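A.B. asks: Turn these sequences into a full structure, and let the hints guide you.
Number of protein chains: 4
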Amino acid sequence: MRRHKPDSGWKHKIHEVIYEADTPLGKGFDIILIILIIVSVIIVMLESIKELDAKYHSILLAFEWIITIFFTIEYIARVASIKKPFKYIFSFYGIIDLLSTIPLYISYILAGSQVLLAIRALRLLRVFRILKLVQFLGEASQLKSALKASRAKIIVFLFAVLIVSVLLGTLMYLVEGEDAGFTSIPISIYWTIVTLTTVGYGDIAPITPQGQFIATLIMLVGYGIIAVPTGIVTVEFGKQKQGNSNAKEGTYVHVNTQSCPSCSAEGHRDDATHCYNCGSKL
Amino acid sequence: MRRHKPDSGWKHKIHEVIYEADTPLGKGFDIILIILIIVSVIIVMLESIKELDAKYHSILLAFEWIITIFFTIEYIARVASIKKPFKYIFSFYGIIDLLSTIPLYISYILAGSQVLLAIRALRLLRVFRILKLVQFLGEASQLKSALKASRAKIIVFLFAVLIVSVLLGTLMYLVEGEDAGFTSIPISIYWTIVTLTTVGYGDIAPITPQGQFIATLIMLVGYGIIAVPTGIVTVEFGKQKQGNSNAKEGTYVHVNTQSCPSCSAEGHRDDATHCYNCGSKL
Amino acid sequence: MRRHKPDSGWKHKIHEVIYEADTPLGKGFDIILIILIIVSVIIVMLESIKELDAKYHSILLAFEWIITIFFTIEYIARVASIKKPFKYIFSFYGIIDLLSTIPLYISYILAGSQVLLAIRALRLLRVFRILKLVQFLGEASQLKSALKASRAKIIVFLFAVLIVSVLLGTLMYLVEGEDAGFTSIPISIYWTIVTLTTVGYGDIAPITPQGQFIATLIMLVGYGIIAVPTGIVTVEFGKQKQGNSNAKEGTYVHVNTQSCPSCSAEGHRDDATHCYNCGSKL
Amino acid sequence: MRRHKPDSGWKHKIHEVIYEADTPLGKGFDIILIILIIVSVIIVMLESIKELDAKYHSILLAFEWIITIFFTIEYIARVASIKKPFKYIFSFYGIIDLLSTIPLYISYILAGSQVLLAIRALRLLRVFRILKLVQFLGEASQLKSALKASRAKIIVFLFAVLIVSVLLGTLMYLVEGEDAGFTSIPISIYWTIVTLTTVGYGDIAPITPQGQFIATLIMLVGYGIIAVPTGIVTVEFGKQKQGNSNAKEGTYVHVNTQSCPSCSAEGHRDDATHCYNCGSKL
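These protein sequences, in sequence, are chains A, B, C and D. Quick note on numbering: the first sequence equals residues 46 to 327 in the numbering used here. Quick note on numbering: the second sequence equals residues 46 to 327 in the numbering used here. Quick note on numbering: the third sequence equals residues 46 to 327 in the numbering used here. Quick note on numbering: the fourth sequence equals residues 46 to 327 in the numbering used here.
These aren't lab readings, by the way, just hints derived from the structure by calculation. Fair warning: there could be bad hints in the mix.
Claimed, not checked - Covered stretches of chain B, as calculated for chain A (at least 3 residues, CB under 8 angstroms):
#1 88–100
#2 188–200
#3 243–251
The model shown is predicted, which means the values in this text are computed figures rather than measured ones. We put the beta carbon where it would ideally sit given N, CA and C, even for glycine.
C.D. replies: Written as structure tokens, this is what we have:
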């Protein structure tokens with residue numbers, strides 16, 4: 046097949062290195078990419094600290110240029126080596142790749158776009174793709190399917206929490222007023238959610254006895270209903286686990302790894318003396 | 046039947062549109078209503094923000110009048126189209142409907158009743174009725190029945206938490222005194238619940254070593270007993286799930302694998318001496 | 046028997062009224078007692094609010110005297126009517142009863158013992174005894190036995206949490222120092238527990254980057270290990286529940302409330318046509 | 046054997062006392078050691094409180110010397126009585142033992158090493174070894190194996206939480222800016238974790254409406270996903286418990302109720318065509 050398209054040789058090779066993780070080269074590429082992504086995110090963080098940026102600006106910028114050039118080459122290679130480049134460019138990870146490559150270029154073109162540089166933190170999202178490739182997330186798939194199964198119920202729950210928060214927030218706005226910091230209904234709703242989720246910043250806190258009484262009720266409600274999402278996920282997760290072992294309900298017996306000498310059937314009962322498949326002695 | 050009461054024709058039609066969600070008209074009406082309710086609640090919120098209200102007061106008021114008029118017509122239509130209007134008027138949702146319609150009218154009649162306008166946030170409660178009609182809450186029914194089943198236990202639990210809070214709050218009042226903000230026993234109880242539920246505003250915090258020691262104990266207790274409501278709801282919720290497969294509710298007895306000697310019926314009670322099917326001795 | 050001890054007549058009657066809740070008089074006595082206890086605790090709370098105490102001191106005092114006299118009579122009656130008075134006096138509830146009766150007397154005898162008045166809040170503990178008598182706590186017994194079963198594990202867990210808190214608290218003391226409020230190791234341990242239990246007052250908060258990094262780790266640990274007591278109680282509680290319904294494992298069928306017309310045996314299968322006990326037709 | 050090495054007599058005896066807890070002497074030694082460790086940790090704490098250290102410095106130092114000397118003798122005895130001293134010296138507990146013995150000596154040798162004295166708090170880690178010896182942690186082994194079994198999933202979960210925190214922290218840095226205290230991306234990430242874990246110090250809190258809106262979302266996410274570690278541990282812990290009754294681990298297959306026509310053996314695999322017991326056709 047490949048004989049007909051002589052250029053598909055290097056295309057195929059690049060594709061293998063960039064998109065797969067089975068070959069040593071592909072694995073090495075992924076590891077370098079992960080390190081570069083993490084280094085790049087750390088640089089974004091360090092740049093945001095004024096003192097460090099003032100001191101080491103040129104070093105950080107040099108590192109940033111190296112990473113940006115690497116990402117640029119990688120992006121071009123990705124587009125070049127794939128069969129349907131447009132499908133990749135407009136896919137979720139395609140956009141993330143572009144967004145995490147261009148900020149440095151744009152900061153030179155547009156004035157005042159320094160803020161855009163923080164977008165580079167999105168590069169962290171790329172870690173997920175690589176992890177997916179190297180199938181490290183095997184452990185996470187159970188978590189994900191348990192969360193997916195309980196998603197509908199959790200959304201209904203959060204929706205109910207939101208309605209209750211709007212009502213209680215409005216009530217607190219009426220009861221407490223502006224002295225305690227409840228300056229508007231949205232602020233009161235913000236405070237209600239801060240309280241209901243047991244976060245409790247304390248930037249706003251009730252000062253009137255009746256406000257503190259309602260706050261107490263909100264806390265007890267929040268303390269009580271935290272059980273609901275937990276209950277949902279636990280039950281779903283428990284089901285998930287069971288689902289793995291029993292496709293079918295009924296009685297189960299222990300089988301060993303012994304295989305029948307005549308028909309090679311596996312999975313015999315521990316106390317079996319004959320093969321369940323061909324009847325010959327074990 | 047309808048021939049005898051010529052006016053029941055439009056009554057029936059209005060009833061169908063307002064109270065049901067099976068017809069396209071009824072569904073459309075519900076969707077408009079949900080949008081209006083949400084818009085109206087957002088207006089209430091925006092009005093409470095001083096700057097926005099100063100700037101866009103007339104626009105917000107115009108919107109508010111449109112919604113109020115729509116709700117007024119809807120309320121009248123509801124009363125007119127139902128067979129037992131008084132039962133509706135004094136029902137929970139009837140009162141909510143009235144309360145969410147009249148505030149704007151009253152604010153013109155009574156001076157200083159501006160505060161009442163916030164009552165319009167109660168309109169959000171109406172969302173529940175509509176959701177009920179369109180049976181969106183199918184997902185929520187399981188949550189509700191699990192919560193209902195564990196209600197009694199959660200109340201007992203919160204009651205115990207409350208008694209413990211009163212005792213520990215009094216103790217903290219004695220130990221900390223007024224310097225740390227524990228100015229009275231009710232305030233101390235408020236603080237205890239803030240701590241026990243792990244909210245922790247920090248508006249009041251112990252400053253003496255012995256007070257901080259007791260606070261530490263309260264936190265550990267709160268951290269430990271949060272498990273109790275979670276455990277209750279999880280177990281109830283797990284049961285609920287299982288309950289879906291058990292078709293019928295009621296009492297269950299243990300049956301053995303014995304089969305009747307005369308009619309071969311299986312599933313006899315352990316203490317059965319006769320077959321439940323043919324009556325012959327077992 | 047009672048003929049021989051003529052005085053045991055009223056003793057027995059008082060005992061019945063005070064210690065039991067089966068007769069109408071005994072039930073009425075318990076209800077009055079609960080109300081008085083709650084009223085008395087509310088008075089203790091109100092007295093602690095300076096403004097209210099200044100205004101209504103004489104009214105609150107009058108109420109307090111009425112309750113104290115009632116409790117005094119009740120205490121004497123309890124001692125007089127019981128067979129082993131000393132066993133009662135030195136029992137847990139006997140001491141609580143005495144402590145909740147005498148503070149008002151002592152405040153007249155000893156100067157500066159005003160503080161003791163708050164001890165009256167202990168009266169709330171008496172509610173538990175009454176609740177026990179009227180067997181309201183039927184719902185709570187399951188909670189209690191689940192907690193009792195998981196007690197050992199929760200203590201081991203809290204013990205481990207404590208050791209970790211001491212170590213991390215010491216580390217934070219070394220890292221943060223006095224500027225951030227970590228003035229001594231006990232204070233740092235207090236802060237660590239505040240953080241680990243997700244209470245988070247904010248009265249003390251790390252200000253150095255390395256301190257904030259360790260704080261972040263403590264939070265994530267606290268957020269992760271809150272699962273442990275929850276898991277323990279949930280599993281114990283689930284076991285408790287199962288224990289109630291299946292003393293025996295096996296298959297269960299639905300039974301109805303029908304009773305056999307000839308032998309009155311109850312608990313027949315829904316599809317039974319003959320009594321499982323006598324074999325007669327149902 | 047011991048006859049050939051006359052000095053192994055006291056070595057063996059010391060080993061028995063120090064390393065074992067079966068004999069009365071060994072048990073007594075362990076109890077003294079636990080008390081000394083706890084006393085020593087309390088001394089470290091008290092010394093860190095300026096006022097107490099100023100007042101009772103000499104008493105605390107005296108106690109410290111007694112404990113240090115005891116620990117020194119114990120350390121030497123441990124090294125002397127064990128067969129492979131180097132293995133012990135470089136083991137985890139060997140290093141802890143050394144670190145908890147030498148600080149007092151070093152504080153005399155090196156100036157400014159006062160800070161090192163807090164390292165003595167590490168002595169608390171030694172409690173674990175003793176507890177292990179006296180097998181008090183029997184209750185804890187279940188906890189440990191449940192945590193070990195769910196470790197991989199909890200790490201994946203915390204890893205996902207961390208990535209989300211970096212992304213949301215960067216977003217908050219862009220949205221809130223320096224006025225609200227979000228002075229750099231690392232600080233914003235710190236704040237995000239404080240919020241997500243529902244700790245909520247309040248030292249940094251959003252002040253712009255859009256910042257408060259994002260904060261609200263973070264809180265709801267944190268409130269919702271706390272269910273995940275709980276679900277994991279609960280299910281693992283439940284399995285652990287069940288595992289105790291299921292004697293053997295391994296693979297299980299579904300068996301049906303079919304019985305062999307020739308030998309009446311029951312419990313055949315669903316796909317069996319021959320009896321596992323006698324080999325005759327089913």
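A.B. asks: Does each hint hold? Answer for all of them.
C.D. replies: Hints, one by one, checked against the model:
no.: 1; hint: 88–100; in the structure: holds (count 5)
no.: 2; hint: 188–200; in the structure: holds (count 4)
no.: 3; hint: 243–251; in the structure: holds (count 6)
Checked against the numbered hints given earlier, this structure breaks none of them.
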